Structures are given as structure tokens and as C-alpha cells.
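**Student:** Protein chains in written order, with this note's numbering: chain A, 1 to 368; chain H, 1 to 368; chain U, 1 to 368; chain W, 1 to 368; chain P, 1 to 368.
Certain hints may be false.
Distance windows between CB atoms, simulated [unchecked claim]: (1) Trp348/H / Asp306/U: 13 to 23 Å; (2) Glu165/A / Ser34/H: 30 to 40 Å; (3) Glu219/W / Ser140/H: 18 to 28 Å; (4) Glu91/H / Lys72/A: 35 to 45 Å; (5) Glu219/P / Lys59/A: 29 to 39 Å; (6) Lys73/A / Gly161/P: 50 to 60 Å; (7) Glu219/P / Asn294/W: 13 to 23 Å; (8) Asp306/U / Phe314/A: 21 to 31 Å.
Chain P stretches covered by chain W per the calculated footprint, using a threshold of three residues with CB under 8 Å from any CB of chain W [unchecked claim]: (9) 101-115; (10) 304-310; (11) 319-327; (12) 333-343.
Simulated from the structure, these hints should not be mistaken for laboratory data. The model shown is predicted, which means the values in this text are computed figures rather than measured ones. Note that the Cβ used here is the ideal one computed from N, Cα and C, for glycine as well.
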Amino acid sequence: MHLNTKNVFTPPRNLARFVKKRKEHIGLAPDDISFKGEKKMDEVVLRLVDYNSENLEEKVIERVDTILSHQKKPTVTWFNIDGLHESEIIEQIGESFDFDKLVLAEVMDTNSRPKVHDFGDCILLSIKMLQQNEKNHLISVENLSLVLTESVLLSFQEKRGDVFEPVRERIRNNKKRIRTGGTDYLAFALLDIVVDNYIYIVGVLGGKIETLEETLLEEPRKSVIDEIYTYKREMNFLRKNIAPAKEMILALSKIESELIAESSRIHFKELLDNINQAVDSSETYREILSDQLNIYHTTISSKLNDVMKFLTIFSVIFIPLTFIAGIYGTNFDVVPELKYQYSYFIMWGVMIIVAIGMLLYFKKRKWL
Amino acid sequence: MHLNTKNVFTPPRNLARFVKKRKEHIGLAPDDISFKGEKKMDEVVLRLVDYNSENLEEKVIERVDTILSHQKKPTVTWFNIDGLHESEIIEQIGESFDFDKLVLAEVMDTNSRPKVHDFGDCILLSIKMLQQNEKNHLISVENLSLVLTESVLLSFQEKRGDVFEPVRERIRNNKKRIRTGGTDYLAFALLDIVVDNYIYIVGVLGGKIETLEETLLEEPRKSVIDEIYTYKREMNFLRKNIAPAKEMILALSKIESELIAESSRIHFKELLDNINQAVDSSETYREILSDQLNIYHTTISSKLNDVMKFLTIFSVIFIPLTFIAGIYGTNFDVVPELKYQYSYFIMWGVMIIVAIGMLLYFKKRKWL
Amino acid sequence: MHLNTKNVFTPPRNLARFVKKRKEHIGLAPDDISFKGEKKMDEVVLRLVDYNSENLEEKVIERVDTILSHQKKPTVTWFNIDGLHESEIIEQIGESFDFDKLVLAEVMDTNSRPKVHDFGDCILLSIKMLQQNEKNHLISVENLSLVLTESVLLSFQEKRGDVFEPVRERIRNNKKRIRTGGTDYLAFALLDIVVDNYIYIVGVLGGKIETLEETLLEEPRKSVIDEIYTYKREMNFLRKNIAPAKEMILALSKIESELIAESSRIHFKELLDNINQAVDSSETYREILSDQLNIYHTTISSKLNDVMKFLTIFSVIFIPLTFIAGIYGTNFDVVPELKYQYSYFIMWGVMIIVAIGMLLYFKKRKWL
Amino acid sequence: MHLNTKNVFTPPRNLARFVKKRKEHIGLAPDDISFKGEKKMDEVVLRLVDYNSENLEEKVIERVDTILSHQKKPTVTWFNIDGLHESEIIEQIGESFDFDKLVLAEVMDTNSRPKVHDFGDCILLSIKMLQQNEKNHLISVENLSLVLTESVLLSFQEKRGDVFEPVRERIRNNKKRIRTGGTDYLAFALLDIVVDNYIYIVGVLGGKIETLEETLLEEPRKSVIDEIYTYKREMNFLRKNIAPAKEMILALSKIESELIAESSRIHFKELLDNINQAVDSSETYREILSDQLNIYHTTISSKLNDVMKFLTIFSVIFIPLTFIAGIYGTNFDVVPELKYQYSYFIMWGVMIIVAIGMLLYFKKRKWL
Amino acid sequence: MHLNTKNVFTPPRNLARFVKKRKEHIGLAPDDISFKGEKKMDEVVLRLVDYNSENLEEKVIERVDTILSHQKKPTVTWFNIDGLHESEIIEQIGESFDFDKLVLAEVMDTNSRPKVHDFGDCILLSIKMLQQNEKNHLISVENLSLVLTESVLLSFQEKRGDVFEPVRERIRNNKKRIRTGGTDYLAFALLDIVVDNYIYIVGVLGGKIETLEETLLEEPRKSVIDEIYTYKREMNFLRKNIAPAKEMILALSKIESELIAESSRIHFKELLDNINQAVDSSETYREILSDQLNIYHTTISSKLNDVMKFLTIFSVIFIPLTFIAGIYGTNFDVVPELKYQYSYFIMWGVMIIVAIGMLLYFKKRKWL
């Protein structure tokens, strides 16, 4: 359970994990679509799922313009772009769809805050996807942007991942709801997975935190405190990413747009309930962590105090004994006691009585 | 009063108590009605109470379709389902009532947040029922879902319990109000019991907490701190469950639906007052607990300091005495005092004077 | 100024002071009018004041139906009921006035939260009256309910008290405003006294708290900390009761009802200002108390540290001296210094020099 | 820079500085105009400034009715009353202007909260004026009430002061704006000075607080902590008075009244910005003070720890040496080493080696 | 990485860094345009950029009236004034543009709070520009005022800087958007740089703070704590300036004015998202700093405790040994053990056994 704290702290040097702004990106035009994040994969992968209640087509495509034929079809087309570092591809997409330049500029700014922007003919959603390293519990973040048009949903991820596989499964299995829904329902399904992941991660961290409690009360090792601070930092990181997502989903549930069917609203409300649950729980765990820190300090310091008290009492008992021995180590010519033949044994007796008396006194005052 | 802390911490391993999400439930369709909680009882029990101001019928039924005949009657039918783990039964209910699939999916998701969802022909309410283990004060939680239609109220509990017995009693005793009210009044009566239970549990914990204070000031045993942290955690747990219920009841008191009579609104407002009282009190107790923690630490550390000061002063008094004895233990050829026959007694006198002088000095400076 | 903490803590065992709910009251019908508080006096006293700008009638009545004749008169009738434990009387009142059953049920639930409920033909107000024990500063709480109808104001108190005497005086003295006002103005006059009392109690506690500061800096006795925690708890108790009263008065100042004249609104606003002042001040005193706690701990620990440093330095000075004496207490055959006749005196000289040197060194480093 | 804390704490005994309510004022009618504050000056001074864009008249008047002639003139009349303890004068004013009785009752209640009350034909404003004692930084408070009518502005101060001199100067110098503005602009000019004073006082305290930081890190004397707590208390006092003023100015900026010209609204908004700045800064300084307290404690305790570590290490080094000397002070018949003639010198050597070895060990472990 | 704390604290003596108000500025008329800040540069520099989608003119001008010719042209004119201390120039500007006197008075009050004021024919925006000293991380602040009219944007800075160079670059490069936008778009472009700078500075500080964590756990030097408090103070300073800017941008995004095109609103919303990100992150870092302080104290105190425990145990082991030696240093006539020839060696043996026994005991109890 002990964390390898060496490995835990590996944010890129001189670049904050909680907020990122490179000097060279200051003052760029708001419609600049150069990629502003970190490159996280080699090749851009374009995947396409096209379906309605009867048909389903799924393929990896090479060129952006393949999408054009799907654009006019009444089917729902889900166009997934993994990897944002090739701005040509992004530009081609922009041209194919005739988006406002701002749309793709915001997609490329992966360090921005979760948001909803309604551009009339399309809605841009962006949210943070969180992933937890199983070993060191370090949470990593990836930006997900969705662009919702009438018949196409574009999803932009920074790197390839299989997190949306369950949605693909549901589409393949022809579970009625998703195959009859529009792009808004598909967007909901994707966001739902993102939010469920928030709850899952809070729950996993939470489980770890609750287990800590026992360790804390039984044997508070130094490593426990490292764990507590690690969890605290990760909870902070989580909250920093979840809280604005909550605002975004709230805005989404209130947006008035033809692109979002009235019947989808209940799903977005459900989403809001779920994200509230994640936020509430993370708050609760933050308080529990604070309590645990206090328990740790109390336990440690009470243990130390017991040790110190024991040692001090031990010393104190010997002090008068050593003093008595010192008295009879003096070389005065006349020390009457020295002459008496049982003096030595009497001294021992006195010493034992003094020691026992002190012990009893300390016991009576409950110091032992 | 000391808690058996061993027994207190028994959340299932690796599953957080404050938030729960299994990995396999991520990405399920929102209308999936498989049971997502923990099975808490063996058999599903279906109970039915059917009444109007004149007649009353109460029975345990075996098959869901028995309900069908009641559905069309103008009487109020309360259909109580204890146990959610048999999805067939739930499905049958769904079919019988022709509910939106989401309704029952939300009933089955027992880990979700308290909420009100208005589906037009029915209203779904969900809230957490709390129960307190008398011995270890551990609070356990159970999800209660109510589905309110015009003439039928369905209540779904995770396990059988007799918490709603007072309502059944009132129905049997033909107390006028409840027998003339509709399903909305019945729903209020059930929620009222849930909320009263919140206040009761806060009060019980609160009583324990207030009693702690005395113990704290008189003899702060180590066990007290375990109790404080136990109460703190339970207060956290409570608040985590009550606070969203407050939002839910607020939403309920504002809902505009034909299913809720205008005359019921005042009851929902009363409910809101009550839940506010529970939330306020739990806040107050949280602060009292924090104060108690501080009192504990202060008392403990002031006791330790007294001990340490006493021991230190005790040692310090012997130090110059031992030094004097050491002086006359030296073997110099010429130490004039050694020759004088009363030297030994003078040494004793000097020692006593030094010791008393130091004691007086310490007393004067109020160190003793 | 030291509190007798033994007497301070006397809440009834196992019943919380901050929130109260008996198990047997859970699940009662909302219109149940059995008394749910604690009986605080022996006999119910019914007092009646009937006035308009010209006439005044004041009497203690025996039977509820006496009120009936006053009910239809255009005069303002103030009907004060001290003691709620005889439900027959309450029932008679309900019948005489033909109130909704909820009205009196809420009057009887003395542990409920301050609130305003508009029943159309009457308005129910409930608020907590606070009283402070002069000796131990323990604040006790009593529920006051007002039922405001067009020509009658009913006031229900749990026990007899003379807190409203100034209002009676004003009525008797025919101060114009109150004799020409309606029941709403009378209700304001009563609430005004309740709120002024809040400010007064906060001020009395506040005065005590501010005086503490001096004691704290001059001689921080242990009793001070008990006082601080007592004030803290009472401030908590106060705030717990005042804060919801603020909400209640805010609601009252916004209520739209024929029973409340437009000209009374400014008084309710004034009331709101006053209660805000009480809440603000109690917040400020809470912070001052926190600071005082910190001052106490700092002062205490800095005193202890001074003692410990002094004692440690004292010991440390003797350590090398005792060591030197030990050296010349050894029994080696050849220890050249022992032979020299001034050795003993030289040893003394060396010891004195070492001791002075150490003292100077400690002084230079500002440890003394 | 050290404060004479003796002088700092001089609130009148048993009367809180943060909230004041005398028992005898409870239950007074709301239109009672007896003076409820403390008498702060001997004689009431009535000053009058009457101006329009062309003419200016400035005089101290003896009798209230002098004002009557000015009342009907289209000029702006500023009528300043210093001293509120003579209720006759106040009554005369009330009669002359035919105010609602509440207006002057609120003026006389100098302990009330800052507020705006619109009485139709006049607006009552009340706000706290703060003044800082240059020597002990103690902030004193005085209530300022403004009554704004169409052509007269009445200002009531508890004692004479020259704080509004700059406004008189501006009127005298015929700076166009103020001479062409109405009573609302004049009221703004007075409030502006009050609020600027808030900012100034926060700034002065703030400057002191920022200078403390250096002292803290270099040589943390005990007096520093007294200063910190003094500033903390004054910041609390300030905030307690400024925060409600903010509400009052917000209400003022939104008031809809013929007495306030549309063109004055921008000035009230500016006022709101200014008071926000004062509130924000006081918050920031409160946090800085908390940090400083922590810095103080850390520095002090780290110094103490260094001393204690040094002393402990010093003692520990002598312990084995004294033990060795003790060994050779034993009187056994056979102790071979005692016979050897270089033993004594070897003992010294061993002792020196042991001492140096321990020093090196401690150095290596970075304890020295 | 260690900060030279001597240099860090250089706020001008007796003038607070967080809030500034000179006594002589109290009571000035609100339209007073004397300069109220600190002079930060020698000469006022007037720069002018005039452009539309086809043409671009850029020059430094000497006299204010040069601007007049540009005023009527349909092109966008950006008029940048660096340095505010020459009030003549400001007055000339006021006359040329015929602004309300308040506009320039507010420009000159560089210590005021960020704000938006709509004067009908122009909008005044003011915001704080932050700059971070690379060496000591001290953040300095400068006020930026923008006055937005239909065809001219005036920007007022306190001192010359090249922070807006990227905007000039974009204008020069004829990036379409900015050259076709109006003055509102230009204002957005400038504010965007200011806000991006906030994020950048938070990020730089954040990076430093995150790097601290490692140092903290490995070797907590005293200098670390100075760094933590420095970052804390700078974070406070930052937040103090950013938080009101957030309000200002929120107000800006909601303003209804002909001067702001509907199409610019999305940019202001983006700005709001960005500033929220800055505020959120600064909050997160404040919490991280608090945690780091706690980690520091824990680490330090646990190290000290280890040292003290080691030293105490070391002493305690010698205490009984020295006692034994003391026993046999007594000069009683009869001490049987002294006669036995192996006694001395036995004593050594006993001592070694005692010492080892104690070590084992301490080890067993995990004190070593």
C-alpha cells in the first residue's frame, strides 16, 4: 500500500500540473488553430461510426473528405479524431464542415476550461477525461471536445483510448435507444461515460482512503502520511477538473438549441445529478483526509509522549539513588554511617524503598 | 460508552462507503434496469394497501399483475416493493404501468443521488433512508424510491423494514386526513417519516456528543478521541446523505404537476423546515466536535506538561546536591573541609538549604 | 468570573440540547396536536388584552370561550396562552377560531424551526425566545408562536414570563402608535422585543468575552479556557437559534397578505436590520473567541518553554562541573594533580570559570 | 512600534464594543426618540450651509427654527447637527420638517446597523464613521445619519469633527459640480469621504501589517504577537462596520426615488467599487495576519528547538565521560587498571576520543 | 531556488501594497483628474495605430490634437498613452474627445478597483496588469484603463511596456479578424493578453510550488518555509487583483451597449472562462501551499523527535550504569563485594547485560 513517492512526482519540470500557459501562446488570435497541448501519440487516427435504427457502418478512415459523403445523410455519424497535433487535418475538417474558425481553435486549446459554446449551427462541448494510474494513483487528464451538428458528432481526443468502447458496443448491439437517438443522445452517452469515470475514480480513491483509517489507528507508519498527502493532492486535482465540468453540464442542461431534443434534457439532468455526486463525495473525502491527518499527528505525538514520559520517569527514579550513593562516596574524615557494619545493606534498603515509593507515587498520579 | 472501534470499520474492502461505482456499470445505457446495488434480503416482498375514506384493503401479493385491477380504481393504492434484486419483477411492473424505461432504471440505481424527476404521467422521487446501529452508532443507508401516479404510489425499498408502520397504522385507524388524501399526501407521509428519522438520528448522535463534553473535562481517556472521530465520520456520512435530500425536497416543493395538489404544498414546506433543522444541527455538532478535539488536545498536553515540569524540577533539585557530593568525593591530598569533624553534617545542612531554596524559588515563580 | 462548570452542563441526559426528536413522535400525522415539548410550568394561564384607540380591557380568563365575544369586535384582541401541555385547551381554541388543524399542530411542536406559514385567514409565526441565566451564562430557549388573524393575535408561550410587559405598558399608557395599530403592529411589537433580546444577550456575552482578553494577556489561568469554551458553545447555541429566525423575518417582511398592512412593512425591515446585527456580532465574537484560544495556547506554551529552557540551562551548567569532580574521584595510583596541595582550590577556580563562561555564552546567544 | 497594550483595551466595562443594547431600551416603541447612545460632547452645535451655483451662505445657528426659512428656498441647504443628546432639539427638527416619527427615532438609535430607509418625502441613510487613534491604532466608531429631502440635507453626527471640511472647501471654492448638484450629490460627497476614510484606515493598518513581516523573520520578539492580535481585532472591528455599509450602499445605488437624480447613480456605483476595495483588502489582510501568526510560531518554536537540541547534545556528550570517571571511582580491591601508572592519562585520551567521536557522529547525522 | 528574502520585501515604507489611499486624496471631487498614483516613468509617450482591413498607419505622436483628424475617420484608431503623470495631456485628451469629466478622473485614479462604466458614448474599462519579477517572483501591478468609443480605443498605461506587441504584430500581419473587427474586438484582444498573463503567472508560480514538494519530502531546509510564505503572499496578491477583474469581465460580457457588437460577446465569454481558470488554479495552489506548510512542520518535527528520542534513550542507558558505579564508589567500611577479586569484572558484566537488556527492550517496544 506504500506509494513509491519517487515516481509519483513526475510533472514536467517548470510546467505546472494544475494550470498551463506557455509564454509563446500569449497574444495569439482567438481563432488560431495551432495545437497548444503536449503531443501524446504518434499518428492521428480517424474513426467513423455511421448508424440509424437499421444500418450500421464502422470504419477507420484515411482522409478527412471521406466524411463529406456522410455529412448529408440523415443517419447519425460519429466521427472520432484521436490526436490533435496535425493541424492540417484539423484545418481540413474545418473546411469540410464550414465551421466558425473559433470552433476548431477552441478544440485545439486543450488546456482550456470545460465549456459549452453554442455557435448556432453547431455546439462545442469540452470536458476533461480523467484516468488513474493503477499503481501510483496519479490521475492524468485528457481534454475531450465534442462538436455537435445536426447529423454528425465529432469527438476530439488527445490520444487513442478505449474508454468509449461500451458506447460502440451499445451501437453494435442495436440497443434500441441509442440507435434511434440523434447526435445529442450520442453526445450524452459519451459524457455519461466521462462522468461515470469521475465517480469511479473518486470511489477508488475513497476506498483507499477509508482503508487507511484502520492502518492509522493500529500502526501509524511514516509512509501513511505520504499516502494521505498523495490522496489529498489527487483529490485536489480531481476537484479542480470536475468542478468546472459541473458548471459546463449545468449550462448544457439549460441550453436552448434546435440541436438538442427536449427528450434529451432529462438525460442531461441525470448527468448533473451524477456529477454532483462526484463533487459531494470528493468534498467529503477531503474532510476525511484532514481528519486522518489529525488522527495521525495525535497518535504519533501521543506515542512519542508515552515514550518520553517513560524515559523521564525512569531517569527520575535513579536520580535520588545516585545522589545517596554520592553522599557515601565523600571522603570526609567523619561520616558516622560509614563505620556501621550494616550501613551498606541499609543503604540498599533505603534505595529500594525510595524507588518503590516513587513508583507508587507515579502510579497513583496516573503517570505510569 | 467506549466504542469497539474494531467493529466500527467494516465497509466492504476496496469499495468506498461514501460513493460507489463499479467499473462494470460504466457505460451502461441509461435505461438499463439491471440491479446495481448490493443484495440485502432474500426474497422480494410485494405489499399492497388500497384505501379510500370508507374502505381499506391490505394484503401481501404474489404476482405483480394483481396490481392491475387496482390501477383503474379511484381508490389510493400503495404498492410497496421490498427488495430490488429480481429484475423480472421490476420488468413486469414496468410493463403493467407502461412507465418510461428510465423510471425503473433510476429505481434500480440505488447508489444514485436523491432526486425528483417529473415524467409527466408519474413523478419519481428518490431519497436515502438512514438507520443507526444502536451499539456502534454506525449509520447505514438504504435507498427509497417512490413513483407517484394518479391513483397508485409505488415505493421501492432495498430490504424489508417496519419503518413505515406508523403510516399503515394511521391508514388503518382511519385518521381522516390520510384516508381522504391522494397519493401525494401518502408520499408526503412516507417522506415525513424519513426526514423525522434524520432529525432523530442527529439528535441521538448529538446527545452522545454533548455527554462527551463532561468526560472530556474530567478525565480525558484515549478512547474519547476515538469516539470523537467516530462521531465526526458519522456526522459526515449523515450530512453527505441529508444535504442532497434537502435539494430534492426543495425541488419537490416547487414542482408544478397535476399529480401534486395545491393543498399538499404546505406539507412539503414543513418537510423543508424539518430537513433544514437536521442540516443546521448537524453543522452545529460538527463544530462542537472540532471544539471537543481541541479541548481534548489541550487537556492532554497540559497534563503532560505538568508531569514533565514536575519531573524536570525534581531532577533539577538533585543536580547541585549531587554536584556537592561529587566535590567531596575527590581524592585530592589537600581538601581542608574533609578534615573538619562536622563537615559531613554541614554538607547535609547546605544541601537541605539549597534544596529548600530552590523549591521556594520555583514556588515564587509559580512553576510549582 | 470563573464558571462553575459542574453546573453549566446540565442538559437532560441522552437528549440533545441542539436538536430534539423523540422516537415516539416519528410518523405522527402532521395535524396531530398532542404536546411534543417538555412541560415547563404547572397550570395554563390565559390572559387577554383588548384595546382600540379609546378603550382598554385587560384580564386573566378561565375558559377559552370567553374569547368568542371578543372575536367579532373590531377592537384588537391579544390572547396570550402560557403553557401548552393541556391539549384540551388548545383544542377548544382550535374549535373557537375554526383554524386549519395544522395551525395548532405546529404551535404544539415546540421543537420545530422558526417559520412563517400563511394559511389565508391567519398567519402562523414561530420564533425562539432566548433567556440567559445570569450566573452560568447558560442560554435557555423557549418557543413562541403567534397566530395572527384580522382582529385577534394569539401568542403561545411554553411558560409564564414577563418579557412582554413593556408592550403591555405601552398599551396601557396609550402610546398612540400601538393603540391605533392592528394585530400586525402588535405582532411586530412582540417580535421586536424577542429580537432586541437577542442583541442584548449577544452584547452581554460579548462584554464578557472582551473582558477576557485582558485576563488572557496578564495571567492566563486554566479556568480561562473553560470560560472560552463555555462562551463558544453558548455562541453556537445562540447562532443555531438566531440564524433561522433571520430567514423567518425575511420571509415575513416579504409576505403578501391582507393581514399585514403596507405601513407595517417598514417595521419588519427594521426588525431584519436588528437581527442581522445580532447575527453579524455573534459571528465576530466567534472569531474573537478563536483568537483568544490561540492567544491562550501561545501564552501558556511560551511560559512553559521559558521554564523548561531555564531548567535545562541550569542542569547543563552543572554537567561539566560534576564531570570534573568525577575525574578527581577516580582511584588511579598515579593522578599527578591529586598530590599538588592547591589542586583542590584550582579545581574550584576552574569550575567557577567554566560555569561563568557557559552563562556568558548562553547570554550572548540570547538563551537567557 | 510596540503597542502599549494596557491602553489599548479600554472598552467600558460590561459593555461590548461590537454590539450594544442596554436592557432598558428593550421594548421601547419604534418611534421613541430618546437618545440611546453615549454622550460624546457637551453642547449641540447646529451648522448651516446654503448654496446654489451663484450664492453661498454659511453660519452656525442657535435655534432650530432658523432653518424654516431655508426650507422652501430652491437652494440646497445642508444642515449639520453635531451632538444628539438633547432630544428637545431633535423634536423641534422633527416638527419643523414634519418627518415621520420613525425617521428621528432611527437617527437617535446610534447603535443600529447602517441602513437606507425610503420614507417617500425623505430618505434616511445611516453609516458608521471610523476614526483611528494614531498612537494605539484603536479604531473608534461614530454613527452618521443623513436625512435627504428635496432641498435640505440634514446630517447628524454624535460629536463635532472636521472630517467633512473638504466638502465645505469644495462648496466654498465653487467647484462647479457640487454647487450645481442637488442634495443627493451632497449626500454622495459626504458618503464618499466616509468610504475613502475606510480605505485609508485599511491602508494604514495594512502598511503596519506589511512592515511587521520583516520584523517577524529577523527577530521575533514577544511584542510582535501582541501587535498581530491587536491588528487582528481592529481588522475585525473594521470589517464588522464596513460590511453592512456595503449592503447599505448597494441598496442606495438601487433605490428608486425622485429624490435621487439618475445622474447621481454613477457616483453611488463608484462608491460601491470603493467600499468593495476596502472589504477585499481587509479580507486579504486578515489572511496575511493569520500567516504571520503561523510564521511567528514557527520561528519561535524552531529557535527553541535549536536551543534544546544544542543543550541536549551537550549533556549527552558528558554522560559517557562521567560514567567512565565513575567506573574508576569504585573502591574494588582489584581493579587492574588503577595500578598502571599511565592509566589516568589513558583515561583522558579515551574520554577525548569518545567526545570527538560523538561530535563527529552528530555532525554526520546533521544534528549539529 | 532560495529567495533572497531581504530583497523580496521592498514595499514603500508606510504605504500598504494591497490597498493605497493617501490622506490628501480624501474628499477630492469625483471628477478631479490630478494623478493619484506613483510616477513610474519620465516622459509620456503617445502612440497611435490606425487601421481598417486595407490600410495601416502606425506612429508615435507629439501632440494630442493629432488624434482629432483620426477621430472622424471610419477606421479603427488605437491611441495608446504610456504615463499618466502629466495632467495637461490628459486634460487635452478630455477636451478633444469631449468626454464626461468622470471618465478621465477614473483613468487617473490608478489605485481603484477594476471596473466597467458605461457612459453612453464611451465605455470605460479598467483592469490590473500583473508582471512578475523573474528573480524574486515578486508580482508588480500596473493599472490599465481602456476607453472605448465608436472609432477610437484609448489605452492608458502607467509605464511603457511591450506587453501588447503581439496585438500590434497581428494588426501588422493583417490577420483578417483583427483588421476587420471594431474597437470592441481590439479591446478584447488587449484584455485577452492581460488575462493570458494572469494564467501564465499563476502557472509559473504553480510550477515553482509543485517543484517545492519534492524538496520538502527529501530535505526540508529552513529556506523552504520562506519560499512557501513568499509564494503564499504572492498568491494572495494575485488573487486580490484577479478576483475583481473577474467581476469586471462578467459585467462586460453582459453590458448592453451599441459600442459592443453581438459577435464580440463570445470572445468576452471566452475571456471569462480564462479568468475563471486563473482564479480556480490560484485557489488550488493556495490549498497546496497550506498542505506544504503542514508537510514541512510534520517533517521537521518528526526529525527533531527522532533526534530527541535517540539522545534520551542514549542517556537513559547510562543512568543505571552510572548508578552501579556510584554504589561501589561508596566508602562504607563493610561492602562485601569490594573484597572479592573478580567483583570489578563482574560489575562490567552486569553493566553490559543491563545495557544490552535495555536496548533489546527499547527495540521490542519499537522505540529504536
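**Student:** Indicate, hint by hint, whether the structure satisfies it.
**Tutor:** Structure-based check of all given hints:
no.: 1; hint: Trp348/H / Asp306/U: 13 to 23 Å; in the structure: 33 Å, violated
no.: 2; hint: Glu165/A / Ser34/H: 30 to 40 Å; in the structure: 19 Å, violated
no.: 3; hint: Glu219/W / Ser140/H: 18 to 28 Å; in the structure: 57 Å, violated
no.: 4; hint: Glu91/H / Lys72/A: 35 to 45 Å; in the structure: 40 Å, holds
no.: 5; hint: Glu219/P / Lys59/A: 29 to 39 Å; in the structure: 56 Å, violated
no.: 6; hint: Lys73/A / Gly161/P: 50 to 60 Å; in the structure: 54 Å, holds
no.: 7; hint: Glu219/P / Asn294/W: 13 to 23 Å; in the structure: 22 Å, holds
no.: 8; hint: Asp306/U / Phe314/A: 21 to 31 Å; in the structure: 26 Å, holds
no.: 9; hint: 101-115; in the structure: holds (count 6)
no.: 10; hint: 304-310; in the structure: holds (count 3)
no.: 11; hint: 319-327; in the structure: holds (count 4)
no.: 12; hint: 333-343; in the structure: holds (count 8)
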